[in-house]
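Full structure from sequences and hints, please.
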Amino acid sequence: MSKNGIPMQKSLDAVRQFLTDVSLMLQTADGLLMREGWNPIEKTRAIPRGKQGLDQPEGWMPGYAYRIYEQRSKSIRMSIGVLFGHVPEFEHPIEQPFISAAVYKKVNAKVKDVCSDGTMHGWHETLNLDGKPVKKDDVEEKRILKAITFGWPLVKIENEADLKQFVTDPLIQQAKEL
Amino acid sequence: MIQALLKGKLKREQENMEDILTSNVFGVLMLMPVEIGLLPFLACAENVLGQADKPLADLPHETTAEYDYWPRWRTQQGNILQPDLVIRLNQPDGKKNIILIEAKYNSGKSSKADEEKPFNDQLAKEYQALEAKALDEGREPYFIYLTAGIAPPMKEMNDSAAVYHRENTKAEFLPLWLSWRQISRVFRGRPEVGSKELVKLADRLNLLYFEGFKTFPELPTELWHFNKSPSTKTEDGVRKFFNDNRPTGQINWRFKI
Numbered sequence: 001m002s003k004n005g006i007p008m009q010k011s012l013d014a015v016r017q018f019l020t021d022v023s024l025m026l027q028t029a030d031g032l033l034m035r036e037g038w039n040p041i042e043k044t045r046a047i048p049r050g051k052q053g054l055d056q057p058e059g060w061m062p063g064y065a066y067r068i069y070e071q072r073s074k075s076i077r078m079s080i081g082v083l084f085g086h087v088p089e090f091e092h093p094i095e096q097p098f099i100s101a102a103v104y105k106k107v108n109a110k111v112k113d114v115c116s117d118g119t120m121h122g123w124h125e126t127l128n129l130d131g132k133p134v135k136k137d138d139v140e141e142k143r144i145l146k147a148i149t150f151g152w153p154l155v156k157i158e159n160e161a162d163l164k165q166f167v168t169d170p171l172i173q174q175a176k177e178l
Numbered sequence: 001m002i003q004a005l006l007k008g009k010l011k012r013e014q015e016n017m018e019d020i021l022t023s024n025v026f027g028v029l030m031l032m033p034v035e036i037g038l039l040p041f042l043a044c045a046e047n048v049l050g051q052a053d054k055p056l057a058d059l060p061h062e063t064t065a066e067y068d069y070w071p072r073w074r075t076q077q078g079n080i081l082q083p084d085l086v087i088r089l090n091q092p093d094g095k096k097n098i099i100l101i102e103a104k105y106n107s108g109k110s111s112k113a114d115e116e117k118p119f120n121d122q123l124a125k126e127y128q129a130l131e132a133k134a135l136d137e138g139r140e141p142y143f144i145y146l147t148a149g150i151a152p153p154m155k156e157m158n159d160s161a162a163v164y165h166r167e168n169t170k171a172e173f174l175p176l177w178l179s180w181r182q183i184s185r186v187f188r189g190r191p192e193v194g195s196k197e198l199v200k201l202a203d204r205l206n207l208l209y210f211e212g213f214k215t216f217p218e219l220p221t222e223l224w225h226f227n228k229s230p231s232t233k234t235e236d237g238v239r240k241f242f243n244d245n246r247p248t249g250q251i252n253w254r255f256k257i
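Chains as they are written, first to last, in the working numbering: chain V, 1 to 178; chain C, 1 to 257.
Everything labelled a hint here was simulated from the structure, so no lab data went into it. Do not take every clue at face value.
[Said to hold, decoys possible] With beta-carbon atoms standing in for the labels, derived distance ranges: (1) V/Glu58 with C/Gly8: 30 to 36 angstroms; (2) C/Glu62 with V/Asn39: 37 to 43 angstroms; (3) V/Leu54 with C/Glu115: 48 to 54 angstroms; (4) C/Glu116 with V/Asp113: 39 to 45 angstroms; (5) V/Gly53 with C/Gly50: 49 to 55 angstroms; (6) V/Gln96 with C/Ala57: 37 to 43 angstroms.
Source: prediction; values computed, not measured. For every residue, glycine included, the Cβ atom is placed at its ideal position computed from N, Cα and C.
Set out below in structure tokens:
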């Protein structure tokens, strides 16, 4: 094996471990929110359907993972996304993995959920990843009336307690204010 | 069997069978002293439909346990039920418990209610059968739904509660929920025989909790890449596929046309 082969494999193994950790974190978020009456709208789905073609390697690894939650009101949603790679809809390069959390109100309950709702990545340029909520009206004229979103660097979340304190508890609070 | 799983001797579909997982885990637990094996695990079982308490958290260390795997129970309606595991606990002060464990790994309930069979819900049927058995034996019953999730399967359990209450309007339906993942928390770092095997099993099956993000290794200072496009010929006309300066020699074969 060449001198770079071993660190290359270690890096690839680390990416797999990273995805495992993201999975565990999102499952933990599921648990925290379900206890508060917010249920995932999809049983296990967490990544967008990617392109898999030979000439589309940017789609071989997802650029983000997400979960979307609903309560009794079918028009209000909550989302937690983790962005860590190539996201076609996001204009700016991602400097570090980050969490994008959002509460949003759809035009009506019949509006179909799309995976990009799970990250609200269309307007993350307004965020400083400092946890401060950003409110926005008329997010998408025909789909989403208004939203509150905030972001954190992923490395800020080191355990379940952090996830609760910095992500799920603020989401629940902001859902009351939406 | 647990060694076969840990050494990778089982097929993946065998590893994924909940019966084998049940057999492996409780087979180890029943060989460990009850106060460091079974009781700490049961202590994590949580009442998620009620007041979110853990009613098995303070069982006395002197408690003894009897295991009955896949017993065949005949219900009052004459049907046969086969829960995964029934554990009878005898406490030193004379209190007696009967614990039914319905274990799942990658699957959900084996039967659900529908219009033709409105009481055909696995958890509701077993819960009702457990109550009858507990009454017969003079034991306090606990029903544990053991699953692989980090989060409790609230929808499944609420659906079962609704089915149960259709026939038992005044009784409470309060199953406990326990996750296989508690193995990794309860037994990790413990020195006793059995603990290490259980933790290895949890690691192998990825039955873990979120503990933060692991550190990335340092990347090599010189990132690897193809030296040139594989289709590029060098000056001597020889195609090179590697960047380690090994002589590649003349390629003297070709695909048949």
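Hints and how they fare:
1. Taken as a hint, the range 30 to 36 angstroms holds for the pair V/Glu58 and C/Gly8, whose Cβ atoms sit roughly 34 angstroms apart.
2. Against the hinted window of 37 to 43 angstroms, the Cβ-Cβ separation of C/Glu62 and V/Asn39 comes to about 42 angstroms, which satisfies the hint.
3. Hint check: V/Leu54 to C/Glu115, Cβ distance near 49 angstroms, so the stated range 48 to 54 angstroms holds.
4. A hinted range of 39 to 45 angstroms is violated for the C-beta pair C/Glu116 and V/Asp113, which are about 33 angstroms apart.
5. With their beta carbons about 51 angstroms apart, V/Gly53 and C/Gly50 fall inside the hinted range of 49 to 55 angstroms.
6. Checked against the hint of 37 to 43 angstroms, the C-beta distance between V/Gln96 and C/Ala57 comes to roughly 41 angstroms, which is consistent with it.
Violation of the numbered hints given earlier is confined to hint 4; every other hint is satisfied by the structure.
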